[in-house]
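Protein chains in written order, with numbering that gives the first Met the number 0: chain A, 0 to 239; chain B, 0 to 244.
Treat the hints with care, since some could be wrong.
[Said to hold, decoys possible] If you only want the chain A side, here are some residues facing chain B, beta carbon under 7 Å, derived:
(1) Phe27
(2) Tyr29
(3) Val32
(4) Leu53
(5) Val57
(6) Ser63
(7) Ala190
(8) Val213
(9) Ser224
[As the list claims (entries may be wrong)] Below, simulated DSSO-like cross-link-like pairs (lysine-lysine); rule was C-alpha separation at most 27 Å, straight line:
(10) A:Lys150 x A:Lys208
(11) A:Lys150 x A:Lys78
(12) B:Lys77 x A:Lys208
(13) A:Lys4 x A:Lys78
(14) B:Lys168 x B:Lys232
(15) B:Lys239 x B:Lys168
(16) B:Lys4 x A:Lys58
(17) B:Lys77 x A:Lys34
(18) B:Lys238 x B:Lys168
(19) A:Lys150 x B:Lys77
No wet-lab data here; the hints were simulated from the structure. Note that beta-carbon positions come from the ideal geometry of N, C-alpha and C, so glycine has one too.
Spelled out from the first residue to the last, the chains are:
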Amino acid sequence: MQNLKALIRTLALNGRDMLPVVLVVVGFQYLIVGKPFAEPAQLLLGACLVWVGLTLFVKGLEMSLFPLGDALVAALTYKGNIALLAAFTFCVGAGSTAAEPALIAVTQEAAAAVLGDQGNAAVQRTAGILRAACALAVGLALTLGAFCVIKGWPTGRVVIIGYAVAVIVALITQSPLTAIAMDAGAAATSAINVPLISSTGVGLASLIKGRNPVLDGFGLAALCSLTPMLVLMLAGGLLV
Amino acid sequence: MPMQKLLETALQTCSDLLPIVLIVLVFQWGILRSRPAQLQRVLAGSAYALAGLILFRLGLDLTLLPLGSDMAQELAGKQGWGALWLVLFAGSIGLVATLIEPTLLAVANRIQDLTGGEMRAWDLRLVVAGGVALGLVLGTARMLLGIPILAFIVPMVLLLLVVGWVSPKNILALSLDTGPMATSVVTVPLIAAFGGSVARTLPGRDPVLEGFGLIFFALMTPVLSLLMFAALKAVLSRKKSREET
Numbered sequence: 000m001q002n003l004k005a006l007i008r009t010l011a012l013n014g015r016d017m018l019p020v021v022l023v024v025v026g027f028q029y030l031i032v033g034k035p036f037a038e039p040a041q042l043l044l045g046a047c048l049v050w051v052g053l054t055l056f057v058k059g060l061e062m063s064l065f066p067l068g069d070a071l072v073a074a075l076t077y078k079g080n081i082a083l084l085a086a087f088t089f090c091v092g093a094g095s096t097a098a099e100p101a102l103i104a105v106t107q108e109a110a111a112a113v114l115g116d117q118g119n120a121a122v123q124r125t126a127g128i129l130r131a132a133c134a135l136a137v138g139l140a141l142t143l144g145a146f147c148v149i150k151g152w153p154t155g156r157v158v159i160i161g162y163a164v165a166v167i168v169a170l171i172t173q174s175p176l177t178a179i180a181m182d183a184g185a186a187a188t189s190a191i192n193v194p195l196i197s198s199t200g201v202g203l204a205s206l207i208k209g210r211n212p213v214l215d216g217f218g219l220a221a222l223c224s225l226t227p228m229l230v231l232m233l234a235g236g237l238l239v
Numbered sequence: 000m001p002m003q004k005l006l007e008t009a010l011q012t013c014s015d016l017l018p019i020v021l022i023v024l025v026f027q028w029g030i031l032r033s034r035p036a037q038l039q040r041v042l043a044g045s046a047y048a049l050a051g052l053i054l055f056r057l058g059l060d061l062t063l064l065p066l067g068s069d070m071a072q073e074l075a076g077k078q079g080w081g082a083l084w085l086v087l088f089a090g091s092i093g094l095v096a097t098l099i100e101p102t103l104l105a106v107a108n109r110i111q112d113l114t115g116g117e118m119r120a121w122d123l124r125l126v127v128a129g130g131v132a133l134g135l136v137l138g139t140a141r142m143l144l145g146i147p148i149l150a151f152i153v154p155m156v157l158l159l160l161v162v163g164w165v166s167p168k169n170i171l172a173l174s175l176d177t178g179p180m181a182t183s184v185v186t187v188p189l190i191a192a193f194g195g196s197v198a199r200t201l202p203g204r205d206p207v208l209e210g211f212g213l214i215f216f217a218l219m220t221p222v223l224s225l226l227m228f229a230a231l232k233a234v235l236s237r238k239k240s241r242e243e244t
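Looking at chain B on its own, in the form it has when it is part of the complex (with noise of 0.2 Å):
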């Protein structure tokens, strides 16, 4: 079973990449006429990549997607307050299979070059986990309660609006662009997995349409958790320098 399982996830990875593959040899070569610098770095990194991602998709599929939705099955079925189970267990395992979302350190490590220190990987790594925690948390228990998507959308979307027009200007693209690299090859399929299975163990609920809307709750919350850790900082420094002048 492995075996096949492996040639299936070797394809649809090889797959998923060509087109960026092409698109970047047609530019190279047939626009640019040009040899990238370092090309045997180059060939050597691409092969690390496309290998790592098939591991890494092929030891997801035989450990987190299946153990993340047996799991939502067993505790979305408990009566009365053991529902909390699951809203605890989509939390703690938002923040930590965000911990090792491949897209997010990578872009981290990048971030934390370009400031020269000052943004440091490890601290944006664990904010940005912390909200895709607290998004699986709000999100999980909307579906328990059964309360419309839209109630919980609007309100975030404001405070995204009032929050992102006074941070400071420095921070919000960097935080918009967090949602994204958190919800990636990782936490994309988990969340799909949890929340169809949470919407079919609960009764009268629509597997199709109820399952959708946590990834995005996961998409928002770090962005909003950023700007708002920031915000804090702001002021904090802000009190600080005023007390020692």
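The following block holds chain A by itself, in its conformation from the complex (with noise of 0.2 Å):
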């Protein structure tokens, strides 16, 4: 009885927060663009499968992926080795990069736009190369996010430092892969591994002593973003 009433305040708060999406369509399909929908049966009930989905991936992500993350990174520091914990860190960046879907698609894309016409193997070989060097850079960078936390580094500062050359390296390579390469980074993290990530850094400053969940738990995310921009960057500027 008390789950269901909590279900149905969740309901009620994301359906709340999807009543501006709903607006905004809906006000410039009739008001600007002057035109009735295609296929509103097909709108509606995609919009049910929105709410319903949102309010259990959400719950969902609150008891499994949110525990068992703290809880492990918990275990694996009590542990005391640091290598099984690199290992862990590693793992979990690469591992869900790996398969990202949004970055398939950016890297498939920057592919092409590398080669030009030759040929789909060519096109499908690069971007597997490229993929493959994003989801390493994204487990070594969720890596050393953990050893900033450990050691007490400011994870925040060495993310922006990154972007500064991040941003050096784009001017000089002048490289028309920039955008692409920004893209992807941003495409790298995404609703599987951010849970995850964010478990990392919270679990270990709420674990070792001096170190604040809020203040240095943070930041690992950003790092995990940055990665693989600069990784595709490099790429773009030797290959193009």
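Dock chain to chain to rebuild the complex, using the hints, since each chain is given by itself in its own frame.
Encoded structure:
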């Protein structure tokens, strides 16, 4: 009964969040474009799916990935085995990125832009290499982020220096791939890996004496979106 | 059609989640050799998360993604001042789509818990959504005017360096993380579809190269707005405390 009440409350809150989306879409369609929707029934069905899906997904994350990630990071930290912790963070970063659909799409576009008309097989191969490089970069970034938390280094400053380096690389190479590389960085962090990445940071920071989860536990997701950006930019600079 | 789409989305989502599930399993059972606490709850939660993500993606595929792309095409075809509607649409859709971004919702709730309610989840989401809106307005205006992307990126990163260095230390890392949280399962496909559609409709644009860059704007502007919001708040509270003393 308690659960049902909470569920209804969450559904109502998420419905409130969705209302602006409906207003914007309907408003632009009727007032500016001036045409009725082509398939209103499908839109209504889709909106309901978004509503239920959002509620279930967020609830599910709070029940599974967040506590599980926290507990895993805690257990690995208690073992005191730094190598094991490094292996875990690397695997989480690289594994979650390799399968990220937005990144797959972006690297294919990038490969096609670099190679032009060299055939589909070559494009797929290059796209695969770019994706592997991005996954590797995210794995290393998460490990580096974990070390920042352990050592108490300011992750935020590491990230902004990284952005400065990215801009310098972009200015030097003047590669047409710059925009694609920057978008790929944003695409590499997704609904699947961000919860685990933030669990890693917050989990570590709340365990280590003298670290505050809010002050020291963040910045890891930013680091994980920065490194694929840099990798693709360097690749673009070398290839084009 | 929806049945087949449901299957496709379900398969895609399962294969996306597979690596993470395997890694957690290997470390939990293979290396730590322990059962997670509240195993039943965790399993139920995983099922909710999987089902939720499948339904959510399917719903987006039926609604926001085709609508955003069609609307962009329709509005990008307008001449002269009519193009302003495209910029306005980019801003409004960025604002409202970020408010239903599940990653941001989940982590914002967590930040609210961690700060003991001091940082309210809704405030955080609203500032971030406003930032994404600003980014899409700038990025779309850039595409319309045909200004090179570096002319925007270089000043944005310079501003980040300045604001990031002077802002209170406790907010910098958290702010930087809101960018990746805001660019996730709703906004990335939506912006990609929107940008591609605009680049295809505007005359003389290379759709492959010109359609990109918008997502980075949406990544950077929430960070900047949150940092500036924090700086403003710090200045105001300092002023207030000075008046009181």
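Hint check results:
1. Phe27: holds (6 Å)
2. Tyr29: violated (12 Å)
3. Val32: holds (5 Å)
4. Leu53: holds (5 Å)
5. Val57: Constraint on A:Val57 satisfied, holds at 5 Å.
6. Ser63: Cβ of A:Ser63 sits 3 Å from chain B, so the hint holds.
7. Ala190: Holds: closest Cβ of chain B sits about 4 Å from A:Ala190, inside 7 Å.
8. Val213: OK, holds: A:Val213 within 7 Å of chain B, min 5 Å.
9. Ser224: holds (5 Å)
10. A:Lys150 x A:Lys208: holds (11 Å)
11. A:Lys150 x A:Lys78: holds (17 Å)
12. B:Lys77 x A:Lys208: violated (60 Å)
13. A:Lys4 x A:Lys78: violated (40 Å)
14. B:Lys168 x B:Lys232: Holds - the C-alpha atoms of B:Lys232 and B:Lys168 are around 14 Å apart, at most 27 Å.
15. B:Lys239 x B:Lys168: holds (21 Å)
16. B:Lys4 x A:Lys58: The given pair, whose Cα atoms are some 24 Å apart, holds under the 27 Å limit.
17. B:Lys77 x A:Lys34: Holds: B:Lys77 and A:Lys34 sit about 15 Å apart, inside 27 Å.
18. B:Lys238 x B:Lys168: Distance of about 20 Å is within 27 Å: holds.
19. A:Lys150 x B:Lys77: violated (55 Å)
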